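Undergrad: Sequence:
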Amino acid sequence: MPKIAFFEVKDWEKDYLKQSFSDKPEFELVFFAEKFDKNICPKDAQAISIFVGSTVNAADLAEFIGLKLVTTRSTGFDHLETQAISEKGIKLGYVPGYGDNTVAEFAFGLLLAVVRKIFSAFDRIQEKRDFSIEGFEGFDLAGKTIGIIGTGRIGLQSIKIANGFSMKVIAFDKFPKPDLETQHNFKYVSFDELLQDSDVITLHVPYLPENHHLINADAIAKMKQGAVIINTARGGLIETKALLAGLESGKISGAGLDVFEGEKSVFDEQKAVLYGNPGIEDLALLAENNLLFNHARVVATPHIAFFTREALQRILNTDTENIKSFFATGEPKSSIATSARFPSTALGASSSTNPQASSTSSSGAPSAKTT
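Under the working numbering, the first residue of the sequence shown carries the number 1, and numbering increases by one thereafter.
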């Protein structure tokens, strides 16, 4: 009887998964609300399913002799030590697409909140009952140029939405697909051209070593004066210190961020400081993020771009398919091993703030990969 251990599971997800596996009575399902912890995970588990809050490396799995499969209920898998786990003969599954429209819609929610100063206006009314409009002048999206970095699934959905706002759409992708330009009404340009010509820049690429600090001080220096940055992808794509400097100088007029560099430490700052043995760079990044969260021209949200009931159900459906497929065929339906992003060594090379070396081509264009 295969035993599958699910971590970071809410009550409604537990019920949903039980129903999804109702046709497999031979499967024993074990649920944990907590993040993955090798000390509470059943040692006889043959499969483990985690979410983005969990971190799993090969050393964690040394005691799990019968473990055959690890799945993550996410598109990103930089929280898994993929290569080392695979070398142990353990298969890896993920969710390649579940919220293309979900995340793209949220990105534009952030964009509107930034350029129309929606939260500042709300706070003024709520806190002061002040209905004055001074300081709230924004700008139209129609006619503005938006630069989409990454034309994978979410990037393409963002392009569709941008066209709906009558924006001029340009895009950069390390692996462009020219046939998409006509189909979706946009133009591929170089990375530098995108930086120079965009009123709005939105990121839709995964976090890989070569994408670390894709938006850094040099990139920001090339941007239009007053550009807006939106990031719903991964925090490490933007150099926090450089973003703060850009905001202070006015080079960047606003930022909408759903993800942050050193995110796990940010979300549990007290634990990171007291028990995480942080270094000077870690503490500096925590301080920089606090400045970012308090900045008047930043709209920050706690990594919720994916968080709709429909998207969560699609995630659970894919995870169920991965597990059933593995026990039927020996391979998860969506295998990390077949992803263009495998192997990912980000986890093995990271500290608590997940630092990586950036990589650019001789022309200055990043080695960005998309899905």
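No lab work stands behind these hints: they were computed from the structure.
Treat each hint with caution, since some may be false.
[To be verified] In the DMTMM-like style, the derived pairs of lysine to aspartate or glutamate whose C-alpha atoms are separated by at most 25 Å in a straight line are:
{"#": "1", "residue 1": "Lys144", "residue 2": "Glu87"}
{"#": "2", "residue 1": "Lys88", "residue 2": "Glu105"}
{"#": "3", "residue 1": "Lys68", "residue 2": "Glu310"}
{"#": "4", "residue 1": "Lys68", "residue 2": "Asp44"}
{"#": "5", "residue 1": "Lys68", "residue 2": "Glu28"}
{"#": "6", "residue 1": "Lys3", "residue 2": "Glu87"}
{"#": "7", "residue 1": "Lys324", "residue 2": "Glu34"}
{"#": "8", "residue 1": "Lys3", "residue 2": "Asp15"}
{"#": "9", "residue 1": "Lys144", "residue 2": "Asp173"}
{"#": "10", "residue 1": "Lys224", "residue 2": "Asp140"}
{"#": "11", "residue 1": "Lys144", "residue 2": "Glu127"}
{"#": "12", "residue 1": "Lys88", "residue 2": "Glu321"}
{"#": "13", "residue 1": "Lys264", "residue 2": "Asp44"}
{"#": "14", "residue 1": "Lys38", "residue 2": "Glu8"}
{"#": "15", "residue 1": "Lys168", "residue 2": "Glu87"}
{"#": "16", "residue 1": "Lys241", "residue 2": "Asp192"}
[Unchecked claim] Label pairs and their computed distance ranges (CB to CB):
{"#": "17", "residue 1": "Ala33", "residue 2": "Pro176", "range": "39 to 49 Å"}
{"#": "18", "residue 1": "Asn185", "residue 2": "Asp140", "range": "42 to 52 Å"}
{"#": "19", "residue 1": "Gly138", "residue 2": "Phe307", "range": "24 to 34 Å"}
Because the structure is a prediction, the values reported are computed rather than measured.
Yeah, the Cβ is synthetic: ideal placement off N, Cα and C, and Gly gets one too.
Undergrad: Evaluate each hint against the coordinates.
TA: Hints, one by one, checked against the model:
no. : hint                           : result
1   : Lys144 with Glu87              : violated (48 Å)
2   : Lys88 with Glu105              : violated (39 Å)
3   : Lys68 with Glu310              : violated (29 Å)
4   : Lys68 with Asp44               : holds (10 Å)
5   : Lys68 with Glu28               : holds (15 Å)
6   : Lys3 with Glu87                : holds (22 Å)
7   : Lys324 with Glu34              : holds (23 Å)
8   : Lys3 with Asp15                : holds (17 Å)
9   : Lys144 with Asp173             : holds (20 Å)
10  : Lys224 with Asp140             : holds (16 Å)
11  : Lys144 with Glu127             : violated (33 Å)
12  : Lys88 with Glu321              : holds (23 Å)
13  : Lys264 with Asp44              : violated (29 Å)
14  : Lys38 with Glu8                : holds (14 Å)
15  : Lys168 with Glu87              : violated (46 Å)
16  : Lys241 with Asp192             : holds (21 Å)
17  : Ala33 with Pro176: 39 to 49 Å  : holds (43 Å)
18  : Asn185 with Asp140: 42 to 52 Å : violated (19 Å)
19  : Gly138 with Phe307: 24 to 34 Å : holds (26 Å)
Figure legend: structure checked against the earlier numbered hints; hints not met, in rising order: 1, 2, 3, 11, 13, 15 and 18.
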